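Protein chains in written order, with our numbering: chain A, 1 to 256; chain B, 1 to 250.
Among the clues, some could well be false.
[Claimed, not checked] Think about it this way: if two alpha-carbon atoms lie no more than 20 Å apart in a straight line, the pair counts; the simulated SDA-like pairs of lysine to any residue are:
{"id": "1", "chain 1": "A", "residue 1": "Lys220", "chain 2": "A", "residue 2": "Ala30"}
{"id": "2", "chain 1": "A", "residue 1": "Lys104", "chain 2": "B", "residue 2": "Arg153"}
{"id": "3", "chain 1": "A", "residue 1": "Lys104", "chain 2": "B", "residue 2": "Arg157"}
{"id": "4", "chain 1": "A", "residue 1": "Lys102", "chain 2": "B", "residue 2": "Arg159"}
{"id": "5", "chain 1": "A", "residue 1": "Lys102", "chain 2": "B", "residue 2": "Leu163"}
{"id": "6", "chain 1": "A", "residue 1": "Lys102", "chain 2": "B", "residue 2": "Arg157"}
{"id": "7", "chain 1": "A", "residue 1": "Lys104", "chain 2": "A", "residue 2": "Arg75"}
{"id": "8", "chain 1": "A", "residue 1": "Lys105", "chain 2": "A", "residue 2": "Ala127"}
Think of the hints as simulated: they come from the structure by calculation, not from any bench.
This one's a predicted model, so the numbers in the text were calculated from it and none came from an experiment.
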Amino acid sequence: MLEISSLRKVYESPGRTVEAIRSITFGVGAGELVCVVGPSGCGKTTLLRCVAGLLPVSGGEVRVDDVPVTGPPPRMAVVFQEYGRSLFPWMTVRENVELPLKEKKVPAGQRHELVHGSLNAVGLGDAADAHPWQLSGGMQQRVAIARAVAYQPQVLLMDEPFAAVDAQTRADLEDLILRLWRDLEVTTLFVTHDIDEAVYLGQRVIVLSSSPTVILEDLKVDLPPERDQLTTRSLPRFGELRGHVYRQIQRARDRR
Amino acid sequence: MMRVVRLLTLPAALVLLWWAVSGSSFYLPSPGLVGQAFAETWFSERVVEDVLPSVGRLLAGYAVAGLLGVGLGVPIGLSPRLRATLEPVLEFFRAIPPPVLVPLIMLLAGIDTPMKVLVIVSGCLWPILLNTVEGVRALDEVLADTCRMYGVRGTARLRRFVLRGASPQIMTGLRQALSIGIILMVISEMFASSSGLGFTILVFQRQFQIAEMWSGILLLGLIGLTLSVLFRRVERRVLAWYYGSGAARA
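Extracted from the complex, chain A is given alone in its bound form (with noise of 0.2 Å):
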């Protein structure tokens, strides 16, 4: 479904060349989650940006659905991790996750229930009316989760979505996305800098190396598929993963 090859990404400026990505290759089967861990500064917002048709490559593709991307795909959604600045705070909870419905001609019955529908699956559906900044911190990154869901994409990419929140939430949030994902079958693209959160989450793990950037290992994660905060997380093999993912990120590091 999801498609990167040989991606590279240089920023240029005048008198300064920054090598951000020097090559990654990897993808993403339809319906798969896959976690992107890496050290900080690492070039993993870069890459999802890359991934997203935000930032222009400097070089090899991205593809989805076979479909090299140029520019914003349009069945791919988005949740960044500045869920502050991602809302419209002058739009209303349901303003804002049907603006991209309406922008997408749906009609109004089915678009009534695409917001309705997302809202409750995010336990948000007493929210609609309320304005994002009323909202806790959590509570408008499951706003911005909604919009992502009724946008109804084939591709859905997360930029660190949870680092900004206490850890009950995050918690609450990580089980959230489980359950979304199963339900809807989403292809779906995780970046994170929380080793424990990506071993959790991912089907596989792809740890990235300092920038400039490569894949250090492609690693697919052998725990049961229903997992569960407790349970999953006290699983030897979760402590066997969770411990070879941070050497090797650990490594990454001190080879800088």
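Assemble chain B onto chain A, guided by the hints.
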């Protein structure tokens, strides 16, 4: 009730002070005399002949400046290249005190209504334009990315993102322009005019109708106050989200 008392205390004290010092000079008549002159002068056909045309020209000039300022400010704010080229020039024009343009505009547009409206436009335009440019330039990048990802483009992007996002700065520009507009309304009528508030006040002064002159100044103050109260109301509505989110952040 307490609020009304608090609101009226200082004005009442000022009128008392005025009353106490009045009479010491021919040029400072008592509040009673000015009040009487006010009623006689302004509750008459002067409202139709002088006040309404003045306010009408002010509103017309203000509206034109608003449309031009926002209409030009949005594309300039959106394009870094356009901005780099135009901004020094715009700052220069903004720095010219608008009253000095009156003689020039008189040469170009005559001495009638178009000249007066043009003077008001020439002064009101700059704060609106420059604030719009600034507001559009500072639009949130994450929201811009959100628009791109979710296919919000064209007029929807303009209406729902660009104009709304820049609206706090646009309103700041409009507020500054309103006070400039009132000043220019009066000044434009003091040059080669035969009607209007500014003209009338000047005539009273030349004819030593001092109480009447004061009543005109009082009327100007009241018009300015009314307009700014109305503006406040509109602003509160348009920017409700802005004040709300500011309070939530604090």
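**Straight-line alpha-carbon gap Lys105 (chain A) to Ala127 (chain A), limit 20 Å** = Not OK: Lys105 (chain A) and Ala127 (chain A) at ~24 Å, beyond 20 Å, violated.
**Request:** For the pair supplied as a hint, Lys104 (chain A) and Arg157 (chain B), confirm whether the alpha-carbon distance does not exceed 20 Å.
**Result:** Distance ~13 Å between Lys104 (chain A) and Arg157 (chain B) Cα, so the pair holds.
**Prompt:** Regarding the pair Lys102 (chain A) and Arg159 (chain B), is the alpha-carbon distance no greater than 20 Å?
**Reply:** The hint holds at about 14 Å.
**Request:** Measure nothing beyond the straight line between the CA atoms of Lys220 (chain A) and Ala30 (chain A); if it is 20 Å or shorter, mark the hint as holding.
**Result:** 16 Å, holds
**Pair hint outcome, Lys102 (chain A) versus Arg157 (chain B) [Cα-Cα no greater than 20 Å]** = 12 Å, holds
**Asked** When you check the alpha-carbon spacing of Lys102 (chain A) and Leu163 (chain B), does it fall within 20 Å?
**Response** Distance of about 18 Å is within 20 Å: holds.
**Prompt:** Within 20 Å, alpha carbon to alpha carbon, are Lys104 (chain A) and Arg75 (chain A)?
**Reply:** Within the cut-off at roughly 10 Å; holds.
**Asked** Within 20 Å, alpha carbon to alpha carbon, are Lys104 (chain A) and Arg153 (chain B)?
**Response** 11 Å, holds
When the structure is compared with the earlier hints, a violation turns up for hint 8 alone.
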